[in-house]
Every structure is written in structure tokens, then in C-alpha cells.
Amino acid sequence: MRMEWWILLSVYIVAAGILFFIPKNKIRLAAAAFLFNQVITFLIGLVVVELGLLEYPIRLFASINRASFTFEYLAFPVVCAAFSVWYPNNRRLLFQYGYYAGFSSVLTIVEVIIEKYTDLIRYIHWEWYISWITICISLFIVRLFCVWFFAKGRA
Amino acid sequence: MLIEHLILIIMWLFGIAGFILFIPRKDRRKGILAYLMFQAIIWLCDMPSFKYGLLSAPVRILPKATELTITINYIFYPVLFSIYYVHRRINSRIWSKFIYFFVWVSAITLFDSVIERYTDLLEYKFMTWYWMWIYIGFLAYVSQICCNWFFKEKAMVHMD
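As given, the protein sequences belong to chains A and B, one line each in that order. Following this note's numbering, the numbering of the first sequence begins with 4 at its first residue and continues without gaps. Following this note's numbering, the numbering of the second sequence begins with -16 at its first residue and continues without gaps.
The reader is advised that the hints may include incorrect statements.
[Stated by the list, open to error] Think about it this way: if two alpha-carbon atoms lie no more than 27 Å apart in a straight line, the pair counts; the simulated DSS-like pairs of lysine-lysine are:
#, chain 1, residue 1, chain 2, residue 2
1, B, K108, B, K9
2, B, K34, B, K108
3, B, K13, B, K34
4, B, K135, B, K13
5, B, K9, B, K80
6, B, K13, B, K80
7, B, K108, B, K47
8, A, K27, B, K135
9, A, K119, B, K13
10, B, K13, A, K27
11, B, K108, A, K29
12, A, K29, B, K13
13, B, K9, A, K29
14, B, K80, B, K135
[Said to hold, decoys possible] Label-pair ranges, simulated between beta-carbon atoms:
#, chain 1, residue 1, chain 2, residue 2, range
15, B, I117, A, V109, 27 to 37 Å
16, B, I117, A, L96, 48 to 58 Å
17, A, V115, B, F85, 49 to 59 Å
18, A, L96, B, L(-15), 45 to 55 Å
Simulated from the structure, these hints should not be mistaken for lab results. Beta carbons: idealized from backbone N, C-alpha and C, even for Gly.
Can you build the whole structure from these sequences, using the hints too?
What follows is the structure, given as C-alpha cells:
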């Protein structure tokens, strides 16, 4: 099996592992963040591929979907769920900004490494900082959604 | 403009308008969650269905990026499910719940079969209308179980 498939497999295992660590009392927050992130990422991911900015040469469901199912359906939403669950609500604003920057940076660094050394993703008209910015914005939108969703007077 | 494109536009408009008009303000959170849940499940199930050629979508948006039908999976059916979910009566008898479910699934299947037959938006290969009924029934049932689970407990504020 090629290295790329091992990476995809390990993404699934790690994602499942992260879900396992989410505290039971925050599981609804995790689910809401996961689902809402998926809605954003799935559509934007497809648009980006359609415009030819990015390419995923090795991917799941290759014959029908040219975007990365693994990243957009599972990996990023899971990370986003973790992001929301452990969000440092009570810390200083600077710490919260750092939290955003930390998540975005780790994801971007992993993506850049994967781009460089494997065929899982290939940048065409894309740069690492676009990834960083879009990831950061997605996290922010999901955070806004979750704050609204779980605010007073819920269903 | 092709009739297919017109239908796609109508589905988008109806999806957006339907969500605004037919989901009461107080049920907005419930509606959104039902929308998200159905959307996630239909994507997951449609991936293998399209991959193994049960059905296909010749006319679609973002045709280069995906073979799947974004309009239906992303907005139209999820919004219809969301409307279904917030309007169902929780305390009614089991058979009236079943009839409500039955009617909804049948209506979606009918719509699906009609656009399959008369347009190029969908094309059944190994799929037939009764399998489609079961498929949509399955999607709706699973989504409903997940949503019911989500709203089971009153205390669901854990944002600190």
C-alpha cells in the first residue's frame, strides 16, 4: 500500500481517537461544531477544486468526487469540534487569539508537509497563507454559530 | 437556459425561502440542527451510491468538482427534512407519526422520480423508485433518530 493510503487511514484513526476524548457533557457542542463546519468546508472545498486552485491526486471516492472527502467530511470537522470543546472561554482575549492561531498554524503546517512530500494534495494557484486564513475564518464562523446555538432560550 | 438549470435555481430559492418561511422562529435551532444532520447523512450515503452507480446526476452544479448533486444534497432535501422535523407532533399517536413520515418520504420519492424521468438532473441506473423510497426513508429515519438524541436532554448548555 502506498504511503498516501496509510496517511488517510491514520487520519481516520486519529479523528476517531479525538472524538473518543471529547467529554461526555460537551458532546452536543462537539456535534454542532462538527456538522456546521462540515457544511462550510464541504461546499468551499468543492468550489476551490472546481476553480482549479487545488488538486487532490489521491483521494477517497476518486471517481465521483475530486475534493478531499477525508479532510472536508471528517478531519477538519473533527478538529473543529475539538477546537470548540476546549475553547478557552475564560482566558484573556490575547490567549483566545493565540488559540485560533495555534490551531490554524498546526493544520497549515501539516497540510504544507503533506503537500510537499505526498500526492494527497497539490497546490496549483494556492499558497500556505490562504490555507491559514481560510482555516482561521472557518473556525471563527463555527465559533460564532456555536455561541449563538447554545445561547439563552434554546430549544 | 435549460429547464434543468431553471429547476436547480428554483430548488435553491425554495430551499432558502422555505427555511425562512416554514420554520417558526422559536424552532430555528431545531430546524438548523435537523438541516445539518440530514445533510451530513445524505452526503455520506450518496458517496457510495454514486460511486457504485446506483444513480447519477448528469446536470449539476460544480460539474468538474463532483459527480454528486449538490443542489439536492446540500440544500433542497435537508431543508425539506428540517421543515418536516420541526412540524412533526411529538405527542401524537404512533400511527399518525407513521403516516406523517410515510407521506413525507413518499412526497420526496415522487419528486425524485419525476425529475429522474422528465429531466437530466438525476438518472437512476440500478435504482428504482421503490428502492429510492426505502433509501430516503432510511436517511430520514436515521436523521430523525440522531436529532431526537440531540434534543433529548433539556440541559444542553455546556459552553461555560
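key: Satisfaction of the hinted span 49 to 59 Å by the C-beta atoms belonging to V115(A) and F85(B)   = 52 Å, holds
ask   = Is K108(B) close enough to K29(A), meaning Cα to Cα at most 27 Å?
value = Violated, at roughly 43 Å.
Restraint status (C-alpha distance of K27(A) to K135(B) at most 27 Å) = Holds: K27(A) and K135(B) sit about 14 Å apart, inside 27 Å.
inquiry  = Holds or violated: K13(B) and K80(B), Cα atoms, limit 27 Å.
reply    = 18 Å, holds
ask   = Taking 27 Å as the top limit, are the C-alpha atoms of K108(B) and K9(B) close enough?
value = 42 Å, violated
query = Taken at face value, is the distance from the CA of K34(B) to the CA of K13(B) at most 27 Å?
reply = With Cα atoms ~32 Å apart, K13(B) and K34(B) exceed 27 Å; violated.
inquiry  = Against the range 45 to 55 Å, how does the distance between the Cβ atoms of L96(A) and L(-15)(B) compare: consistent or not?
reply    = 52 Å, holds
ask   = K34(B) and K108(B): Cα distance at most 27 Å?
value = Roughly 12 Å between the alpha carbons, so the hint for K34(B) and K108(B) holds.
request  = Measure nothing beyond the straight line between the CA atoms of K9(B) and K29(A); if it is 27 Å or shorter, mark the hint as holding.
outcome  = OK: K9(B) and K29(A) at ~23 Å, within 27 Å.
message = K135(B) and K13(B) were given as a pair; does the straight-line alpha-carbon distance stay at or below 27 Å?
response = Within the cut-off at roughly 12 Å; holds.
query = Quick one, are K108(B) and K47(B) close enough, alpha carbons at most 27 Å?
reply = Given that 27 Å is the threshold and the Cα spacing comes to 21 Å, the pair holds.
27 Å limit on alpha-carbon distance, applied to hinted pair K119(A) and K13(B) = Answer violated: K119(A) to K13(B) is near 43 Å, above 27 Å.
Violated hints, in rising order: 1, 3, 9, 11 and 15; the structure is consistent with all others.
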